[in-house]
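*Asks:* We have chain B; now place chain D onto it with these hints.
Here are the chains, one letter per residue:
There are 2 protein chains.
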Amino acid sequence: MEKEVDKIIIPKPAIVRLSTLFVLLENLEKEGQTKIFSAEIGKLLGVPSHTIRKDISFLRQAGTGNGYEISNLKNIIAEYLGFNKYKKACIVGMGRLGTVITTKNGFYSNQYAVVAGFDNNPKKLKTRPDMEIYPMDKLKEIIDREKIKIGIITVPQKSARKVANDLIECGIKGIINFSPVLIEINREDVFIRNIFIAGEFNILSALISQYETNKL
Amino acid sequence: MEKEVDKIIIPKPAIVRLSTLFVLLENLEKEGQTKIFSAEIGKLLGVPSHTIRKDISFLRQAGTGNGYEISNLKNIIAEYLGFNKYKKACIVGMGRLGTVITTKNGFYSNQYAVVAGFDNNPKKLKTRPDMEIYPMDKLKEIIDREKIKIGIITVPQKSARKVANDLIECGIKGIINFSPVLIEINREDVFIRNIFIAGEFNILSALISQYETNKL
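So the sequences go chain by chain: B and D. Residues 1 to 216 (the UniProt record's numbering) are what the first sequence spells out, left to right. Residues 1 to 216 (the UniProt record's numbering) are what the second sequence spells out, left to right.
With the rest of the complex left out, here is chain B (with noise of 0.2 Å):
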């Protein structure tokens, strides 16, 4: 029997919040909390609740219109969005900031791993006990061989678009760039997530700026 959740066309923004939503219902689990309404995630999230709502109605089986048991939304969430099925991925770029990314001290939940490393640089090129670090002539054979589907790229700004080429040629289908560039992808199958930290600077500068400004 095909089942229902193959089925389900669900907005790219919706994914998005809903990926976000399953991480802040995890944390409620841990605090203990076992149920939750609209309004809440709403105000938690930033958007309306209605929108919430909206969201959660695309999986089918989580709705009851009278508040979400945490447990079984975030088993839904993690079900219909296929959180287990892609969990390996590799980094170009074993500099400082590749190197804190990989260590296992949370950054990426348990539910992902990233296997292997990739650095242009010989001296990066030691083996971790928890990761094989391997040049990059070695990209398209280790993906090919882990099936590896999503990709991290901590290189300098300079070669971060051409390591995004490669990557999607070698057939990464996930991107997250850590890398101070803003990287589009023109391909509706390769996904990307630019960590931007100037970005992030901008961002809180002008919703402060903004306030005082209303406030005044």
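Just so you know, these hints were derived from the structure itself, not from any lab. Be aware that one or more of the hints could be misleading.
[As the list claims (entries may be wrong)] Label-pair restraints from in silico Cβ distances:
# : chain 1 : residue 1 : chain 2 : residue 2 : range
1 : B       : 136       : D       : 136       : 12 to 20 Å
2 : B       : 171       : D       : 79        : 42 to 50 Å
3 : B       : 157       : D       : 75        : 46 to 54 Å
4 : D       : 43        : B       : 158       : 37 to 45 Å
5 : D       : 75        : B       : 69        : 46 to 54 Å
6 : B       : 69        : D       : 135       : 41 to 49 Å
7 : D       : 31        : B       : 138       : 27 to 35 Å
No experiment lies behind these values; they were computed from the predicted model shown. Glycine residues also receive a C-beta, built at the ideal position from the N, C-alpha and C atoms.
*Replies:* Chain D alone, transformed into the frame defined by chain B:
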């Protein structure tokens, strides 16, 4: 004369998009592009072009309807959004991630300066040539003295919420949280940006999974 720019109220989601657009324009300008149309911006930001036109229309001088001069639009965004108003930041947690983030390698732009670091571990209290590192009990004193409005959190998960509260009590108005926990702040005068790496993995995994499912 009161400046026009001080009177505009721009909605929060528009502020976030315009701040990201600013970074995008900086990149395009470096690459030699001088003009851009809303359709291209929409595509790059992944939002409809009418949303972008509306966002830009809040910046009254910028609207032309017939494409935008990149350098002009960039300057107007910076002026309206007050990017130059709050330049100083501090960071709590001088572990490896905190150290990487505050190293001047481009992770934050030259517009901003992390002027003080804080840590509870006496071993971390070495002064660096570019920034002073203080014990936690100096938080209020330094934030007041330096008039710091933005705080970065790079402490372990278990202390992150307490540190956020401490920063807010000391007068911080904007927080960038790198600790692997979503922090929500129920105050309209304080803004937070959660950089949650595990959440990014979830989002990518969900987007890839969704694409593969629809394609089949």
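*Asks:* Please go over all the hints and tell whether each is borne out by the structure.
*Replies:* Each hint, compared with the structure:
1. Between residue 136(B) and residue 136(D) the CB atoms are about 42 Å apart, so this pair departs from the stated range of 12 to 20 Å.
2. In this structure the supplied range 42 to 50 Å holds for residue 171(B) paired with residue 79(D), their Cβ-Cβ distance being about 44 Å.
3. A hinted range of 46 to 54 Å for the beta carbons of residue 157(B) and residue 75(D) is inconsistent with their spacing of about 22 Å.
4. Residue 43(D) and residue 158(B) have their C-beta atoms about 24 Å apart, which leaves the hinted 37 to 45 Å range violated.
5. Roughly 51 Å separates the CB atoms of residue 75(D) and residue 69(B), a value that falls within the hinted 46 to 54 Å.
6. One distance hint, 41 to 49 Å for the beta-carbon pair residue 69(B) and residue 135(D), holds here, with the actual separation near 44 Å.
7. At roughly 30 Å, the beta-carbon separation of residue 31(D) and residue 138(B) lies within the given 27 to 35 Å, and the hint holds.
Checked against the numbered hints listed earlier, the structure breaks hints 1, 3, 4; every other hint is satisfied.
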